[in-house]
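These are the residues of each chain, in order.
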Amino acid sequence: MRDSPVFFPIVATIHLMGLAIIGGAVLVVDLRLLGFGLQHQPAAAIAEDAERWLLRGLAVMVSTGILLFMCFATKYYYLTFFWVKMAALVAVIIFTWSIHRRVAMAQDADARPLRRRLVALVSLLLWTIVAIGGRYIGFP
Amino acid sequence: MSLFRFFEWLGNTSWSIELHESRYVFLLVLMIHVLTLSVFVGTALMIDLRLLGKTMTRVPVSQVVTRLFPWSEAGFIVMVVTGALLFYAAPVMRYTNVFFRFKMAALLLAVLNVALFRLSVYRRIDDWDVNPVPPRRVRIVGVVSIILLALIITAGRMMAYQDYWFG
Numbered sequence: 003m004r005d006s007p008v009f010f011p012i013v014a015t016i017h018l019m020g021l022a023i024i025g026g027a028v029l030v031v032d033l034r035l036l037g038f039g040l041q042h043q044p045a046a047a048i049a050e051d052a053e054r055w056l057l058r059g060l061a062v063m064v065s066t067g068i069l070l071f072m073c074f075a076t077k078y079y080y081l082t083f084f085w086v087k088m089a090a091l092v093a094v095i096i097f098t099w100s101i102h103r104r105v106a107m108a109q110d111a112d113a114r115p116l117r118r119r120l121v122a123l124v125s126l127l128l129w130t131i132v133a134i135g136g137r138y139i140g141f142p
Numbered sequence: 002m003s004l005f006r007f008f009e010w011l012g013n014t015s016w017s018i019e020l021h022e023s024r025y026v027f028l029l030v031l032m033i034h035v036l037t038l039s040v041f042v043g044t045a046l047m048i049d050l051r052l053l054g055k056t057m058t059r060v061p062v063s064q065v066v067t068r069l070f071p072w073s074e075a076g077f078i079v080m081v082v083t084g085a086l087l088f089y090a091a092p093v094m095r096y097t098n099v100f101f102r103f104k105m106a107a108l109l110l111a112v113l114n115v116a117l118f119r120l121s122v123y124r125r126i127d128d129w130d131v132n133p134v135p136p137r138r139v140r141i142v143g144v145v146s147i148i149l150l151a152l153i154i155t156a157g158r159m160m161a162y163q164d165y166w167f168g
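For the record, the sequence lines run as chains F and S. Taken in order, the first sequence gives residues 3 to 142; the numbers are from this note's numbering. Taken in order, the second sequence gives residues 2 to 168; the numbers are from this note's numbering.
Note that these hints are calculated values from the structure, not bench results. Treat the hints with caution; some may be incorrect.
[Stated by the list, open to error] Derived pair list, reagent style DMTMM-like, types lysine to aspartate or glutamate, alpha-carbon separation capped at 25 Å:
#1 F/K77 <-> S/D164
#2 S/K55 <-> F/D112
#3 S/K55 <-> S/D164
#4 S/K55 <-> F/E50
#5 S/K55 <-> S/E74
#6 S/K55 <-> S/E9
[Stated by the list, open to error] Taking beta-carbon pairs under 10 Å as the criterion, some of the chain S residues facing chain F (in silico):
#7 K55
#8 T56
#9 P71
#10 A116
#11 L117
#12 G157
We put the CB at the ideal spot given by N, CA and C, even for glycine.
With these hints in hand, go ahead and build the complete structure from the sequences.
Here it is, written out as structure tokens:
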């Protein structure tokens with residue numbers, strides 16, 4: 003696969019489209035929690051809608067990511083950034099479907115704004131580490 | 002002076018050469034350019050999906066647009082600034098790249114699509130603001146936007162592979 007001039011770029015392109023889907027799905031929720039998003043809407047409703055697209059984005063990212071990994075498995079295995087990315091990815095997935103989900107799905111009346119902001123920041127920070135790690139893996 | 006000559010001159014200015022050879026600054030700009038994609042295309046995609054009735058169907062379209070479009074715009078500005086720097090680092094190489102030209106054309110059409118949306122169907126948004134699934138003409142805008150954004154991403158990624166296919 004790695005020798006094909008067509009396969010790798012195309013899969014990498016679809017991988018980037020997955021980045022856009024995840025970016026959108028994460029931002030609508032975290033911007034809402036931070037107070038810069040759809041503030042007239044209940045956070046829980048936004049989070050519920052976005053979760054579907056987050057899952058779709060993750061499906062695209064993980065499946066194309068595995069294919070990209072297969073192209074250069076031994077190179078990636080020895081890259082620190084690859085493991086940083088994987089660790090951040092596992093962390094953000096666990097965080098998203100535990101603490102983040104509970105906080106986002108809470109009734110707005112019961113929500114504590116400071117905790118919401120903190121949870122959104124942690125989520126954005128972890129996703130950013132995943133993304134930066136991904137970019138560094140590709141650097142020459 | 003032809004555009005080619007101009008870009009040739011631009012590429013020989015000292016800042017262009019410095020940026021081209023700086024490696025770390027160049028890679029940093031490239032990283033910001035690629036990662037801001039998640040903000041620019043990400044929020045634009047969420048607006049488009051709302052236009053298609055595929056997400057946040059209980060939220061009025063006008064709210065999705067007014068609250069998310071500024072983020073898409075901010076991302077767009079970062080994309081244009083970092084993109085201009087990447088162009089400046091190697092003007093002739095970019096200018097002669099087929100995928101670069103294709104990307105710029107798709108980008109222009111995407112901006113035009115948004116402008117047309119604002120000047121046409123969006124003016125009568127009160128008629129369909131709360132519809133879970135907006136009228137067909139609005140959905141077409143969403144589909145066209147998604148296709149163009151996908152083409153921009155594809156062309157951008159393929160720029161690095163010009164030599165493979167046209168070398």
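Hint by hint, here is what the structure shows:
| no. | hint | result |
| --- | --- | --- |
| 1 | F/K77 <-> S/D164 | holds (23 Å) |
| 2 | S/K55 <-> F/D112 | violated (29 Å) |
| 3 | S/K55 <-> S/D164 | violated (39 Å) |
| 4 | S/K55 <-> F/E50 | holds (13 Å) |
| 5 | S/K55 <-> S/E74 | holds (22 Å) |
| 6 | S/K55 <-> S/E9 | violated (47 Å) |
| 7 | K55 | holds (8 Å) |
| 8 | T56 | holds (5 Å) |
| 9 | P71 | holds (9 Å) |
| 10 | A116 | violated (21 Å) |
| 11 | L117 | violated (22 Å) |
| 12 | G157 | holds (8 Å) |
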